[in-house]
Structures are given as C-alpha cells and as structure tokens.
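Visitor: One letter stands for each residue in the lines below.
Protein chains: 2
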Amino acid sequence: MYAVILAGGSGTRFWPKSRELFPKQLITITGAKTMLQNTVERILPLVPIENIFVVTNELHAVETCKQLAEYGFNPDRLIAEPAGRNTAPAIGLAAKILSRKTPEAVMGVFPADHVVEDGDSFLNALREAESVALRGYLVTIGIKPTRPETGYGYIKKGPPLDNGGGSFQVERFVEKPDLPSAKRFLEHNGYFWNSGVFLWKVSTILEEIKLRLPELDACLKTLASTVAESQGKYSYRVLGAKGKEIYNSIASISVDYGIMEKSQRVALVPASVRWSDVGSWNALEEVSAKDASGNVFSSNVVSLDCSGSIVQGNDRLIAAVGIKNIVVVDTPDALLVCEKNRSQDVRRLVEKMNEERRTETKVHATVPKPWGSYTVLEKRANYLLKRIEVLPGEKLSLQSHRHRSEHWLVVSGAAEVELDGRKIPLARHQSLDIPQGSKHRLCNPGDAPLTIIETQIGETLEEDDIVRYEDLYGRS
Amino acid sequence: MYAVILAGGSGTRFWPKSRELFPKQLITITGAKTMLQNTVERILPLVPIENIFVVTNELHAVETCKQLAEYGFNPDRLIAEPAGRNTAPAIGLAAKILSRKTPEAVMGVFPADHVVEDGDSFLNALREAESVALRGYLVTIGIKPTRPETGYGYIKKGPPLDNGGGSFQVERFVEKPDLPSAKRFLEHNGYFWNSGVFLWKVSTILEEIKLRLPELDACLKTLASTVAESQGKYSYRVLGAKGKEIYNSIASISVDYGIMEKSQRVALVPASVRWSDVGSWNALEEVSAKDASGNVFSSNVVSLDCSGSIVQGNDRLIAAVGIKNIVVVDTPDALLVCEKNRSQDVRRLVEKMNEERRTETKVHATVPKPWGSYTVLEKRANYLLKRIEVLPGEKLSLQSHRHRSEHWLVVSGAAEVELDGRKIPLARHQSLDIPQGSKHRLCNPGDAPLTIIETQIGETLEEDDIVRYEDLYGRS
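Here the protein sequences come in this chain order: A and B.
With our numbering, letter number 341 in the first sequence gets 343, and the count goes up by one each step, no holes.
With our numbering, letter number 398 in the second sequence gets 400, and the count goes up by one each step, no holes.
FYI, nobody ran anything at the bench for these hints, they're computed from the structure.
Don't take each hint at face value.
As the list makes no split between identical chains, a pair holds if one copy fits it or if it spans any two.
The calculated EDC-like cross-link candidates involving lysine to aspartate or glutamate, where the alpha carbons are at most 16 angstroms apart (straight line), are [unchecked claim]:
1. LYS388 - GLU456
2. LYS381 - GLU132
3. LYS354 - ASP307
4. LYS223 - GLU177
5. LYS381 - ASP317
6. LYS244 - GLU173
7. LYS381 - GLU461
8. LYS354 - GLU22
9. LYS68 - GLU391
10. LYS388 - ASP422
11. LYS235 - GLU263
12. LYS371 - GLU465
13. LYS364 - GLU60
14. LYS441 - GLU119
15. LYS381 - ASP164
Turn these sequences into a full structure, and let the hints steer you where they fit.
Guide: Structure (structure tokens):
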C-alpha cells in the first residue's frame, strides 16, 4: 500500500503559531511532534516509509524533508507544487507518478494537518478500506460524529457493500449543515464526518479523473514528465518550467467536489475515532485536556478565575485574570488575543496584516534555513544580535557583506570558519571578527549542533546585504 | 514654599509594567516621563528643585535619584524609609527635618503617582492653598468630580473661609461611597474628591501630630536625629540603625485618617482639573485618548472589531480580534490578560505569584543598577546573553566569578576594562575574554553611554556567582 500525504496549507488560521513558511502541518498543536510527523507516525504501521509520498508547496519542501528525516524519508518521495490547486490536481499528479510502476497498487490519501486519536481503530478502518479499494471502489473514511458540528461536511451512508461487513455504499455527501440539521444527523446514526482520508487503486482514481475532470487528466502526463530533481541538498521533486506553467493554470478543485460527489463507485468505511481537522484556535478544546473551568492552558500560565479560555505560550510568564472564552497565543515576536468564538476571523486578521506588509505573517522570529536556523535576539539602531544554529555537517554559503562587520562567538559545539581563504577552527568560548567585505563561511564539521552568537555592527543591518559566492543549497 | 513628594508604592497594581523595584511612580503611564517626573515638573513653577523633598522606600532610592537628576535634584533631599508606614509617619519625618531650619515655611505634600491635567489651574489652586496654609490651616486640595466615582474618598465643603474667596471650611470627610451616594455627591455640587494633596505650615502639621498622633510625635525627634548620608554614589538620606528599628515599629496610619478627619483647622481649596489616582489598569481610560470604539491601544496593535479594551505593549506585534473590555499588557518577560472590571484583582494575582516565588513580580527583564542596567536577552542551558549599559563615568565593581567565563563585545561607546591588574581599552567592535576566576572591572570612561554584549558561558549561570572586591556604590 502507498500513501500520499497532502501537506498544503497557508498558515493563516493558527497564526501567530503558524506562519506562511510554517503552516499548520509543520507546527506542533498537541504533543511534541508536528502534525505532519504525527500523520506519518499514524500510518507507518501500515505503509513503509519508502511508500509514503508527500505533496507540498515548494515553500515548505525543505522544512518537510527536515521534519521527516528521522523516519528515513527520502526527499525523492516529496513532490513540490509551485502553487496550491486544492486536492484534485495534487492527487492526480501523485497518482500519475505512482502509475508508472504500480498502477494497480492501493494509495491512501491523508491530510497532513488533522488530529486522530485511537490510532489502532484508525488502522483497522484503513485495512478494511484497503480491501474495498482493491475491488475498484473509491473509499472514503467516515468519522462517527460525537457532537452536532456545523463546521464539517457529512456523508450519509447507504446499504452495506457486503452483508455484515464494515463498508457501505454512500447515499450522498452533505455540505456543512446548519445546527438543526447537524443535530438530526447526530441522532440519525447514519451520517459521518467527511475526514478527507481516501483509499483507492491508482488506476481507479486515474480512470475517474479521466471521466470527471478531463481537463486535469489532459495535463497529468506532461506534468509527470517534467518532474525532476530539485537543486540543493534535499533533492525533492519539482516540476520543470513547462510543468509549473501548466500547474499554475490548472483550475483549483477538490477531489470531493470534482469526483467523490459524482462518482458511481464510492464506498464508505466508518471509523470510531476521536478526530478533528483543528480548523482554528477554538478547536484546541476538542483535542486537549481542559482544567475544571474548561481552560486549555500551556505551562507558565498563572490565572485567577478564568473559564473557557485557551492560553498558549512558551517560556514567558502569562498571567490571566477573570477572562472568559478568550484565546491568547504568545510567540516570541507576536501575540494574539481573540474572543474564542471569533477564532475563524484570525484569517481575516492575517489578510489585514499582509495588506500592511507585516513580516510577522511570513516567518517566526526563528527563521529556518537549509543549514539550520537563525533567530534575531535583538535589533537596535547600530547592532543586531543573532543566535545561529548549524546542523551537524552543514555549511552556510561563502559570502560577504558590504555594510556590516560580524563577530562570532561559539557557545556550543565547534565551528570551522573560512575567512578570506584561511581555515580557522573555532572551539566553544572562542570568537572571531569577520571584517566588512571579507569572504567568509561558517561550517559545522562535527557531530553535535553548533550554536554561535553573531553580533552584526554597521550603519545598515539588512538581511539582504549579502553576496553569495558558493552555496551547498543552490542559492548562489 | 517646600514640597514633600510621597513616592511610596508596592508595584502591584500596574503589574507587569510596574514591579516591586519599579512601582507606579517610577514608570511611564501616560506620555514620555515617569509619574514621579511628571509630579516634579508639575510643581517646579512654584517650588524650586532645592526645596523639593522626596520620601521613598530604600529599594527605590537610587532609581528615584537617577530619574530626578535631570532636574538638578540633590540626593540629600531624598529621605529613604526602611519600610512603608502609610503617609503620616513619612510626612511627620519630613516635617521634623524641615522644622530645623524653616519651621514657619509652608510645605505641600504631593503623591508621586497621580495624573493631573491642566497644570495652570492646579498651580492656581496651590497658590490659593499656600495663602490659606500661612494662616494656620491644614489645607486639602479637593478635585471637582466629573463622574460618580466609587473608588475615591470625598470631602464635603462647608462655608467659605472668606467672603468670595476660593477656600472653604470642611464639613466632613466621606469614605468611598456606594454608587447612589456617589451620584448624589456629583449632583450636589458641594462634594470634592480627596486628592491627597495637602498644604500646611511645618509648625502646624507638627502641632497636629503632637495633638492627634502622640506616639508618632514621640518618635520623630529621635528618628530625625539618626538621619545620615547613605553609602555609595548617591548620598541620599537614610535612618541609622536605631532609627530604622523605631520606624519599623511605628503604626501604619494615613494622614487623612490620623489627622485631617479629626482636626478642627482643616480647609478646602477646590481645583477644577482632570485628575486621576490611576489606581489600576482600567483607570487608563480616564487619562488616555480612546479610539471610536473606546479602546486605548498603544502602537503596534493590529485589531479587528474590538471595543472598550486597553492594550499596552512595546515593540512586539499585538493582534486583537473581537475582544470587549479586556486589558492586555505586554512586557518583555511577562504578559497580563485581564477582564477590565477585574483590574483591581491584579493585586491578588501578584500576591499569588509571590507565593509561587516568581521573580517577575520583583524586577523587569531590564534590571537597574547604580552604574546603569543590564538586560538578559537569552538564557539557555549553557550560556546567558546580556546587554549591559553603563552610564558615562560609571564603573561596575571589581569582581570575579567562580563558575563562568564571560565574553565582552562593545557595540556602542568605548570601555576601559581592568583585567587581573591590567587596564585594557576596548573600542566599538572590540571584544575581550574574561576567564573564569579572573578579577575584572568594566568602566565607561567616556561621555557617551557604553553598551556591551556579554555572553556568559559556564555550568551554572547564576546572578549571585559574584565576589566583589571594590565597589563605588558601597556593595563590596
């Protein structure tokens, strides 16, 4: 069995924890792992890592590779979209690529940013669905509702496919209902939440695309033929120039709307699991432990008489007094305070900030780089202080700066610096001046992470004051 | 005329902007100056700086001297209390000290942490009050109410002292009223808010203390006789050991309760000014400009559909969605989110945090020092990063550390470092290693502020890992 993880997302709904460069699937919402990592771990018992493909935006490709490295994920299983076009094109492209070698294999499609508890029940449903998919069905996993949710689409089940089996025909798909309908669905017992998890044979979905989305079908062959290795350290798969042009011109359409709601061979396999698509901050209540007053507080919160509130932070002390149904999300460079039932409007807020060209919607204070990351600790008129973390074996580009000098101090690990042609080893406690205009390069030759404190001094201290001469990651 | 500014305060009600070491009078609430500075500027047209005395807690003496240096304030005019004992003892001690040279002078008493707008009207009221005080009255400045405030004490005026004059007898003092009473007072036109501003002759208040607070009176002579210069750079006035013992044993009592409400020679001078004692965060509404939705937002706030809220921060982006009547106060190391009508309970919250031994109630991220300040920019397992700012001409103690080495980099100004007996000049861009165990001292010999970035590396990185050999400020 193969899996295609759909790791799209724009990073707006969980701002400020999510950012354009770190959408929901790449951040931790519950527990210690990111949602993408949780998604991979959930299906690994059924699908070996070499059979797991990920489709994501080019912006998120490197971070996706880094997050999945610990599972032995090979970047050649990552397909980078030049732009999001909803689920049907991503699924079609992945299926086309799979069809070259394994046209009759079953592929499961998994959103990368959902929460599923009770993983064993989920796996059982997947096994059932796999067997149904092998019979030529488009199988959708339906989640047994636990509340009259108006934010999800529903599926009404039809008669069983087999007597006594765990799979059903689908009577119809239902758009997000109003509350009375949602209450009726909950009582009726025959309605299920549409989880966005699908299983089918590669050949089945390609036939259906040909039938129902002929324009997409017409593009897939060319698209797949332009797929090539990306430049740089992580050789994920990108579309060639022609492929990008085509992909950008494809209509955005979901597989639900484009195929599932119209197809004659759809089947439903119900799963009794706690599931949430965690669509906005208030959904944290569904997937987190609450205190006696219904609060979801992260550590380092001190409170008096609060109820129904969600307070999420890091190290900084957060004190809350008397708040009711308020969401507070604290990050190093931006803070959100939101009435809980207005959580959906965080998206509008992000749009407003984008119009104001605020960078806080794009990146966190810690900026990921192919070699590690940097964090601006302080910026003042004439100096800028950064923590630079270089992963073992990684190397920044050979570069120079026109307007600033730098001072590097190793606080953890050991560095090797190239400075105007000389190689200079730097141990912990040691420091080095990087004069303005000098060609320099920072490398972590060791097995442990390297952390340096960089102090930039100069008249202007802009990130784009950089000339790159050589680079491991294709950026020079 | 003399002035005694009462600069007490525990720093709880405006937490996290105020802290134990930075109570309300030492922080900015409105505008660019601190409340103490505003208080001094308000009375300077009437009282020369050499006639202004300040009574404050020893904890706040150095910061008070630093904040008033720009007005030419001489630290010998600052009287440091070993502990707060409410207003009567502070006033009695100041009066006793003044009585040595100018027993018949008028002294005005001014709380350091109130907001008064329309300074000219206030000065006119003070001039009127001065003339009444010279006739032997205890004069209180009453503020014409502008709303039915239940948080203030009231004064009911009696007949005029002189026909057509601006001063009145006092019929009675009224404790904080309930709302119906406050409404009645507002309509009646004869009630005034008790501002805590008093004027009287030094001899008059000392006679009244003798009459009404004989126990306090019995202590004053000894207290005043133990007053001496403090150690260190700012030679403010402290009580000797005996004086401290006595002061600590004095009963806490306000001059309102102990004297004004009982005395037969009290007079009222009304002032028509916008006034607030800014008793808690919600009072910011009284003294700040509001937007069309009744919000008081500092800069760097992005909002959608908020109303009646107070959001105060610094550089960090704060985004607010749909909040109503919420107070948000963001500081570098602590955040407060509070239902506006619960602002009074911030005090309870601080008590709770004190029980949990949280240091965020004591000091800000930037810690004031007699030589300048330091700010912890980042603390991690094995290093700690500080910005150290040294005022011109100042010098840290000669010191050593047992468990850490340090690395100093000058980012602004110029330093002179003493390291194991050698003097080392350090210009901007230059850095120096301070090995573990070495005797070192940092000095700013120039006219401009000195800023260094200090990186501490070691197994333990505690502030108390310090041995002081010499110190300008009496701390060795």
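Visitor: At most 16 angstroms between CA atoms: does that hold for LYS441 and GLU119 within a copy, between copies, both, or neither?
Guide: neither (52 angstroms within a copy, 59 angstroms between copies)
Visitor: How would you classify LYS235 and GLU263 at a CA-CA limit of 16 angstroms: within, between, both, or neither?
Guide: neither (41 angstroms within a copy, 81 angstroms between copies)
Visitor: Between LYS381 and GLU132, at a C-alpha cutoff of 16 angstroms, which is it: within one copy, between copies, both, or neither?
Guide: Cα proximity of LYS381 and GLU132: none, with 55 angstroms in one copy and 51 angstroms across.
Visitor: Cα distance capped at 16 angstroms. Does LYS68 pair with GLU391 within a copy, between copies, both, or neither?
Guide: Within one copy only: 14 angstroms inside, 40 angstroms across.
Visitor: First find the shortest C-alpha distance between LYS364 and GLU60 inside one copy, then the shortest across copies, and answer within, between, both or neither for a cut-off of 16 angstroms.
Guide: Classified as within: same-chain Cα gap 15 angstroms, cross-chain 48 angstroms, threshold 16 angstroms.
Visitor: How do LYS381 and ASP317 come out at 16 angstroms by Cα distance, when the copy is not named: within, between, both, or neither?
Guide: Between copies only: 11 angstroms across, 20 angstroms inside.
Visitor: Is it within, between, both, or neither for LYS388 and GLU456, if the alpha carbons may be no more than 16 angstroms apart?
Guide: both (5 angstroms within a copy, 13 angstroms between copies)
Visitor: With identical chains, the pair LYS371 and GLU465 could be close in the same copy or across copies; at 16 angstroms between alpha carbons, which is it: within, between, both, or neither?
Guide: Close inside one copy (13 angstroms), not across copies (34 angstroms); limit 16 angstroms.
Visitor: Should LYS223 paired with GLU177 be assigned to within, between, both, or neither, using CA atoms and 16 angstroms as the limit?
Guide: neither (32 angstroms within a copy, 85 angstroms between copies)
Visitor: Within a copy, between copies, both or neither: where do LYS388 and ASP422 come within 16 angstroms Cα-Cα?
Guide: neither (22 angstroms within a copy, 31 angstroms between copies)
Visitor: One pair to classify: LYS381 and GLU461, alpha carbons no more than 16 angstroms apart. Within, between, both, or neither?
Guide: within (12 angstroms within a copy, 28 angstroms between copies)
Visitor: At most 16 angstroms between CA atoms: does that hold for LYS381 and ASP164 within a copy, between copies, both, or neither?
Guide: For LYS381 and ASP164, the Cα distance exceeds 16 angstroms both inside one copy (66 angstroms) and across copies (63 angstroms).
Comparing the model with each numbered hint stated earlier shows that hints 2, 4, 6, 10, 11, 14, 15 do not hold.
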